[in-house]
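Colleague: So you can see what is in the structure, the chains are spelled out below.
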Amino acid sequence: MAGRSVHIWFVAPAITLMCLILLLPILVAAVLSFTDYSLGNTSAEWVGFENYEKVFTRTTYEKMFTATFTYVFVVVPASVGLGLAAALAINSLTRFGDIYKTIYFLPVMAALLAMAIVWEFALHPTVGIVNKTLVKGCGSWLEVWGWYAYQCANGFPLWLTDKNYAIWVVAFIGIWQGFGFNMVLYLAGLTGVPRELYQAAEMDGARSAWERFRLVTWPMLGPTTVFVVTISCIRSFQVFDTVEAFYPQGGGPGKSVFVMMFAIYEKAIQQNLMGIGAAITVIFMSFVMGLTMLQRWLVERRVHYS
Amino acid sequence: MTDTTLSAPARTERVTNFRFSATETLKHVCLILGAVIVLLPFYVMLSYSFKSPSEIMTNTGGFFGAQELFRDDYCIKLGNEVADCMVKPWIYNYTTAFSKAPLLRYLMNGVIVTASIFFIQVLVALPCAYALAKLRWRGRETVFSLVLFCLLIPVHAIALPLYIMLAKLGLTNTYAALIVPWTISVFGIFLMRQFFMTVPDDLIDAARMDGMSEFGIIWQVMLPTAIPALLAFAIFSVVAHWNDYFWPRIVITGTRELFTPPLGLREFKGDADGDNFGPMMATATVIVTPLIVAFMLAQRRFIEGITLTGMK
Amino acid sequence: MASIALKHISKSFGDTQVLKNVDLDIHAGEFLTLVGPSGCGKSTLLRILAGLEAPNDGRIEIGGAHMNAVRASERNLAMVFQSYALYPHLTVAENMMTPLKLRDLTMLERAPVVGPILARKKYHALMGQVEATAKVLKIEELLGRKPGQLSGGQRQRAALGRAMVRKPVAFLMDEPLSNLDAELRVHMRAELVQLHQSLGVTFVYVTHDQAEALTMSDRMAVMRNGHIMQLDTPHLIYTRPDTLEVAKFIGSPQINVFEGEAANGSVRLAGKALSLRVDPALSGPVHIGVRAEHLLIEPAARAAGLSGKVTYQENLGSDVFCHVALMDGKAKMIARMAAGGGKSFEVGDEVNVRFATEHALIFGRDGARLEVESKAKPEPLQRKVA
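Residue numbers (the working numbering), protein chains in the order written: chain A, 1 to 306; chain B, 1001 to 1312; chain C, 2001 to 2386.
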């Protein structure tokens, strides 16, 4: 009542910061992406669409898109699928479910950079625990598996420095880090499924667990899935820590792990090519914002913020 | 007739019972396999942080290593007696972690940065959320749409223009550079607004009748009732910024005094040779441990906090 | 103690007008109830009086002083909310102390830790006031607990306590009993009335429950669509409602309405003249209202009255509500009969319906009640004009 304009004092700081920190940079990026600006230069030339042209034609950036989309299209389905599988399994357990939940969530809590360094260690071609363990299996029944026999004979892969493996290993670490988060979201979603629905499904003749899953669980988890997929996409698009830890220069063997965030970092921060960096930023942002908008549109058909 | 109808349910029950335990075992096998893979790097990290360089190289010594004394060459280089320079591997690893680089300083920086970020985020977000949820004013819907729009923007994605702006202001390599971009948490505003919507209007009216100012209502009525949501948000915010590597990497170049824990570890790795694997793993352990321990102590709250984004 | 006057109060939210030029005089020390269906504007009126809402137009006076521009907390009113609105993070004692602290202590004295040390005496005095109030409400043992640990009734008392400590000139209550279970609600009605009597302070009470309004108030204002339709004692509202609307809203079961015809000073129902007299100038259709307890049902053998059929019987223990369909189901009446009072009917019985004409209320076509002179037993008219 007293002081009709008191709300201005409450929202002004937030709005100011929102404009300065979130909206203005978008504008800055958009403008710079049409210039050849670099820090330290007093002036910048207007170059039109040249930066975008480079990004969409040069092989370096072709590799960037390949690496980024490979990473996203591997990590998202795998971490969502594993998250769902783990959640369903844990949810149906009578005992020890909480222990698994805790363990699977640990990678989410740990600094990804630190864990990347540890993984690099574990995957070290000669002293790493992974290859040392794999070597021990040589000569056993495991050699039935062709790949395994071949590697036993010719030495196990170099993993991170092998052009054929690098992106997949980085993606594996992404999955390792992210699926616990998805699992927890799915577990939360599962608690929202009313028990009566399962009983009703049973009464209606859905006898197998698979039928009940298809009839009740999957549809009821729809909104969760939409959200989990979006957030996984956004997180995967933003992958940086592992790449920078493994390949501080150049983006991996044959640029096979040259993901977008790293490209921005390398071009703009390391090489001071702000125009190119800004162009990648703009493309990157349109991906991420487009995705979120798609998710909102999917969800908004059900939920409305009151 | 009667016999068959009676026996049928009994039989199915026995069958499902048997199947039940079989599938349960299968599930456990799969989950344990998963757990082994998930825990592998944690095992490596912790184990190597205890071991001597030679044990790491040869992959021997089990989890803790044999803990045989070994010669610290650096110590001998300083001119000390060989006998004085014999150390237990795990002590060597952890003391080196703290002495070779100012790890304590890094940890303190981490605390300063994460705490300031959270504090300012709350200071900015709470009043705004209150005004959006509980006050009637013209333009409220517009501001809320702005909030919803800003939710779309991941701060990491606009790192480059932010960096340029900070560089132009001469703010790179300062605490401000680490903190400023995160002072506005649109998500925090959204989250608190949703929470405040559930606070009954009566409570606010009662506070007004009691003579509280609008400002007093925010900090004395809304804040205490919002503690659970705020705690969850705190965990969300602290975990994100303690572990953040990308942003500090960009704005802090060279000045070690401002390194956050991940930056410190990265620097360690940069000049690591064979001898330094142990101390490096010790550093990693030290950096990862605080959050893991906190998580173990308050699991439910942590999971709640981290999955908050699910409320969007 | 102070009288309260609300003059020409209007209020709209956006396009919807919630209050339309409302006038209300509240006498010092009375228990006044605002009653009406939800959305009638009663809560808004109370909130305007409290100062939580500003009227678009009109004037608020408390004890003769103009209050429009005075802040809610400075009007010296106390409010009890439907949800109790206790601060969930504070104990009952702290809840009760909050208004006192905000009124009597300076900013510094209110500061945590430092405040209680600096102003120990003042805190002591305030605690004394809190304890005295708690004693009156018999909630001393609850002072250390938080609202979450209290039952509904205890929360209700704590909320009352918070309102009472500051010794306000008037208590405003917004449906304070509606969150309680039925038994406790009836009990708290009596307690509130006793509290009102012992405090002697003005109570303004908002409810949608006509039973509360009838049992508790000195006067009640029946509201609908942003108007006060009638302001009177519960007895007069019940027996002499100004309009058919009021008559229909107050009283349970709802008043029975017969459609009759007025001509030459008499009222005819189903062709027969009733033994009462109205203004001879009046002619045309009228509504005849008869409360359930004044409707008589007799076996069809007796010829007098209207014939109908029993469709349903509600046995409430002490009473039986007998639903009767008249005129082949075109009209439905409810009669209240004492249970086991000798007469009993079965569903489907043919019956005759009569009523005592001295209790009949006649409403004109516009719904306004018409003055009636009963031929049988004239009742002295003593109506205050609102």
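Hints are computed from structural coordinates only; laboratory data are not their basis.
These numbers were taken from a predicted model, which means no experiment stands behind them.
Certain hints may be false.
Claimed, not checked - With a straight-line cut-off of 27 Å between C-alpha atoms, the simulated BS3-like cross-links for lysine-lysine are:
no.	chain 1	residue 1	chain 2	residue 2
1	C	K2020	B	K1134
2	C	K2167	C	K2146
3	B	K1134	C	K2309
4	C	K2135	C	K2122
5	A	K132	B	K1088
6	C	K2167	C	K2135
7	A	K132	A	K63
8	C	K2122	C	K2248
9	C	K2248	C	K2167
10	C	K2135	C	K2121
11	C	K2122	B	K1134
12	C	K2121	C	K2101
Said to hold, decoys possible - What follows is a set of in silico ranges between Cβ atoms, one per label pair, in the way DEER data are often shown:
no.	chain 1	residue 1	chain 2	residue 2	range
13	C	P2299	A	R195	48 to 58 Å
14	C	M2127	B	R1300	32 to 42 Å
15	A	V127	B	R1071	18 to 28 Å
We put the beta carbon where it would ideally sit given N, CA and C, even for glycine.
Colleague: Could you run down the list of hints and mark each one as holding or not?
Modeller: Verification of the hints:
| no. | hint | verdict |
| --- | --- | --- |
| 1 | C:K2020 x B:K1134 | holds, 26 Å |
| 2 | C:K2167 x C:K2146 | holds, 23 Å |
| 3 | B:K1134 x C:K2309 | violated, 56 Å |
| 4 | C:K2135 x C:K2122 | holds, 20 Å |
| 5 | A:K132 x B:K1088 | holds, 25 Å |
| 6 | C:K2167 x C:K2135 | holds, 15 Å |
| 7 | A:K132 x A:K63 | violated, 32 Å |
| 8 | C:K2122 x C:K2248 | violated, 54 Å |
| 9 | C:K2248 x C:K2167 | violated, 38 Å |
| 10 | C:K2135 x C:K2121 | holds, 21 Å |
| 11 | C:K2122 x B:K1134 | violated, 34 Å |
| 12 | C:K2121 x C:K2101 | holds, 13 Å |
| 13 | C:P2299 x A:R195: 48 to 58 Å | holds, 56 Å |
| 14 | C:M2127 x B:R1300: 32 to 42 Å | holds, 38 Å |
| 15 | A:V127 x B:R1071: 18 to 28 Å | holds, 21 Å |
Going down the numbered hints, you'll see the structure goes against 3, 7, 8, 9 and 11, while the others check out.
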